[in-house]
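Participant: Spelled out from the first residue to the last, the chains are:
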Amino acid sequence: MAESLSQRLDLLLRTQNDDGGWGYFPGKRSWLEPTAYAMLALDGHADRPVLDRAWRAVESWQLPDGSWRPGADVEGPGTWVTALAVHLCCARGQFDDPFTRGVRWLMGTQGREGNWLARLVSMFQPGDPDNDTTHHGWPWLRGTSSWIEPTAQAVVALHMAAPHYAGVDARVRDAEELILSRKCRDGGWNYGSRRALGIDLPSYPETTALALVGLQTRKNGLGEEIHHARVLFEQTRSRLARAWLSIALRNLGEDTAPPDDAPGNDILLAALEAMAHPDGNQKAFRVPAAGSRA
Amino acid sequence: MGLVGVGAGAGILSVEASRSGDGVPEPGPPGKSSVAVLKAASYEEDLVAKILEGARLCGLDVRGKRVLLKPNLVEFDSATAINTDMAVVAAALEAFRTLGAAEVRIGEGPGHRRDTLGLAEEARYLHGIHDFEGVFTDLNRDDVRPVEGFAGERFYFPQSALAADLIVSVAKMKTHHWAGATLSMKNLFGLVPGAVYGWPKNKLHYIGIPRAIAELNRTFRNTFALVDGIVGMEGNGPIQGQPKHAGVLVMGRDLAAVDSTCCRIMGIDPTRVEYLRLASALGHVRESAIEQRGESPHAVRTDFELISQFRNLRLA
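As given, the protein sequences belong to chains A and B, one line each in that order. Numbered per the working numbering, the first sequence spans residues 1 to 294. Numbered per the working numbering, the second sequence spans residues 1 to 316.
Don't read these hints as lab results, they were simulated from the structure. One thing to keep in mind: the hints can contain errors.
What the hints assert, rightly or not - Sample of chain A residues at the chain B side, in silico, Cβ under 7 Å:
#, residue
1, ARG48
2, PRO70
3, TRP140
4, SER145
5, LEU197
6, GLN235
7, SER238
8, LEU240
To be verified - Which stretches of chain B does chain A cover? Using the computed rule of at least three CB atoms under 8 Å from a CB of chain A, they are:
#, region
9, 27–35
10, 137–144
11, 194–200
Every residue, glycine too, gets a C-beta built ideally from N, C-alpha and C.
Isolated chain B (complex conformation) (with noise of 0.2 Å):
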């Protein structure tokens, strides 16, 4: 069993070294990074092609490779949008493969149930994508190996997610009652073994759920984010907010950039989301290092309602 090492070599900033004295968010890696917004008003359109066009606009080339598809899979109840919708995670296994990956597959690990292949029936995976059982891994369950150094210890984290090329994080455009927003940073979560850490995940509570988003995402960095952001969840999200229409799909390599580009079409100012100041050292917070490609965020803004507790995280 070997140890995986977290980010030896990469020049990979620490966490702790992005924090700037005055809360602002450190200047971010070199260049500029391009995140590709695209409208998409329902589910019934052709996602497909959307996506390969996001993919494309931000250069994103998958050929050979193993791709891991994130999605986000948290609990179900039919009145409204917790989960990324099936025809999202469906469009995104047509399009990596379309695109040329030697292998795709779909993994996750519910953070609260622990019938995965449940869940996944719930929210129609199981069988509106073809074949969901043959290429799904139930990541709470699967084999792991040990990380050294996360959050200053050795963790524990899925073959599956620790073998592939790609990890795509296939998130849902979400406010959050702890963190404030949830999007493709914050869906790494479920890349930690329930077998290991139990349902909840408390251990991450426990380093705090920025730190331990910022952590996730400096052990994990090839990484694509894909947010459904058709129609996402505002108020008291991730899991008992109300559904709220957005009409977009948001792509791009530098998570940290997709995240903010998410805020600032929901109405909240990025530099003031803690996780995204501790993250800032691993991607681009600032508009301006941000290249937009498709629409314009401030075009397709869509203020989504904040709890009391996060209203002065809104975007002037």
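If we strip away everything but chain A, and leave its shape as in the complex, we get (with noise of 0.2 Å):
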């Protein structure tokens, strides 16, 4: 094994909590995300017992409702990470009611944008060219906007809960909608506005890398998009845009150089380079094409 991967790995395995969970950092409270990260990372690179120890740290946050809590030292509401955490039941192959009520959730939940008021009002008082709010996607916490990131995540759990949960596929494809509505006109995204006041606003790195890693079963409409992620990763010095692109790219069938720096003390960082490296998990955040499920 790589080095760089074998750091990564490492760190992971040094710095889980007590309670099964990761912090963002060494010795900080558990939080899902990094726990989901992690143990994404290090599936097929670590004994059971420490993801089954996680796994029980992720289903002790799931909500009455259906949703997760994004961390420890947070009661509720459930947000975003839902999906991550749907994602994981996934990966681990657990269609059981955990799966089940998360998925119902994700598919309850839309952004404030779309929802019949707003959409009666911007009928009626079309102040805001800027944004469409024609189709539906996924905000961090209900009562807000859709979002890139939140869409993306959730877009990547419908496709891989799809063969064991009816009916999610028009919600999919209107979200994917959702994320190509919200291209700016550099080719690639930021956190989910193009334009404010009428004035084109850029793409990010890391939001262009989630936006392609929402759109992968979409990649034969996609061409200035990839170039225009290509670029990025050529260009950009964050280590986490570097990450994210090169899971997004390696989705779409593009080589990327792997991660090179000592994994430093952010654990988020450290499983996303570890997924994002040749000889990582790189199939973590690759859905199944539509023609394979059943």
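Could you use the hints to bring the two separately framed chains together as a complex?
Facilitator: Shown next, in the form of structure tokens:
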């Protein structure tokens, strides 16, 4: 195994908290996001008890409404990390009650701009030409608008859930359209607002990558976007962006250079860089092709 | 995990109570507030000395306190002046250590970008501030504790912010395309953790930006403002505006008074800025209640260009 990968996996194994989860940084309280990425990165590289202990922590953070809370110290409400938990259910092959309730929560959640009142207002008062409110994505937390990252993560989770939960396809397609509709003029994506007050906003490398992760089943329609992501990968110095871009581009069949820096102490980053590595768990964010579904 | 009471027993008026029927700011708390305006033509000047002088003029005592410096680190564009300049943050770190603080740390939770350290590198903080990684906390991904009663609900905030004895809002002097201006009070948006509320912190937008600003400042009362107005931003701020040289540092313990003074320097009438009207029970907006130390804001007034939606804010 390459040293740059083993360093990252070792960091993850060394920093698992007593409750089974991971913090964003060593010694910090457990959160679902770094725990999910650590579990995916360690899948195939760690003993089963390590992952089972982590899963028990994740299970304990599910709320009665089916959503997941973002971390050990947050009592609720549930947030976008529900998509990551459903993703983990699929990766573990656990299509039981927590999975079903989690998918149901995702299917019942959408950005506030997509509710009937907001759509009615926009019909009679088309005052925001900057952003299309036709499609439904996912918010970071209920009661707020849809954004690229939570939408892309929910799309991935529902693609994975589709063989085991009927009726998600139309919602996924609509969310993919939302991602496409939020594309910036430069060919990439930012957090999810392409224009403000009539002025174009620039894309970011990390959110461009996440958008492409969400759009991976639409590869045939992506040309300039992949080229733009490739350019961003070569230009950006952000390790987080390079890790996500590497994951996105590899999903789309493109090679990228592995990370060669020392892992540092950022657990989320170490997990993503491990998954971005050519010898890492590259399939973690790769969704099954529609034709392969049951 | 303990709950944190907001303003419990401190006699702090609620934000709703600060509204007056005619939209005119309330008189504010008793007494007057000191605000120091110090000229600084460039980032090459002795900014540590300027900050020490400002702290002295405002009667600030930080001996033995845990201080959190909260810069404004948003996005990076080398063509403009979005972020608090690295030189000001570095000087503040040294100045507050010199003043005898028990601990001085830097913390920020950017609202758009997830790679906070990468952003800090682009803004020259990472390599320009000695041992930056050793003193920095990414507030978006810090451990959190709940606070009851923020805009009528439970809200989570970073441990590092809640544990600090003093939060120094090291803000940038900028116009803002939704709020009119973004100064020391709006800068507290960066205390809201992205790990709970996302990127952007859209929950605050639905609460309402002016109300959210007022609520944050009602929640965090042990604060001091240091506004980098050496080069600010005018026009379509806080990100897409143009650099504007104002040549000042503005400091004070009353953030509403500091922001009101900054507005007057920028040629903005603070009594017409909604978030300042909402926060007027927390601090002074009226000029007569502010003791200006150092330069007079009128003497250093440099009108910042305003977008059409905010031309009505122009100070007569």
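Participant: For each hint, tell me whether it holds in the structure or not.
Facilitator: Evaluated hints:
1. Because the closest C-beta pair between A:ARG48 and chain B is about 28 Å apart, greater than 7 Å, the hint is violated.
2. Interface hint at A:PRO70: satisfied, since its Cβ lies 6 Å from the closest Cβ of chain B, which is below the 7 Å cut-off.
3. The interface hint given for A:TRP140 holds, since its Cβ lies 3 Å from the closest Cβ of chain B, which is under the 7 Å cut-off.
4. Hint status for A:SER145: holds, given a least beta-carbon distance of 6 Å to chain B, under 7 Å.
5. Residue-level restraint check for A:LEU197 holds (minimum Cβ-Cβ distance to chain B is 6 Å; threshold 7 Å).
6. Below 7 Å, beta-carbon pairs count as interface contacts, and A:GLN235 has none with chain B, the closest being about 12 Å; its hint is therefore violated.
7. Interface restraint check: A:SER238 against chain B, minimum CB-CB distance 4 Å, threshold 7 Å, status holds.
8. The restraint placing A:LEU240 at the interface with chain B holds, with a minimum CB-CB distance near 4 Å, inside the 7 Å limit.
9. With 0 residues carrying a beta carbon less than 8 Å from a beta carbon of chain A, the region 27–35 of chain B misses the three-residue requirement, and the given coverage is violated.
10. Taking a C-beta to C-beta cut-off of 8 Å, the region 137–144 of chain B contributes 5 residues in contact with chain A, enough for the three needed, and the coverage statement holds.
11. Counting residues of the region 194–200 of chain B whose beta carbon lies closer than 8 Å to any beta carbon of chain A gives 6, which meets the minimum of three for the stated coverage.
The structure is inconsistent with the numbered hints 1, 6, 9, although it conforms to all the rest.
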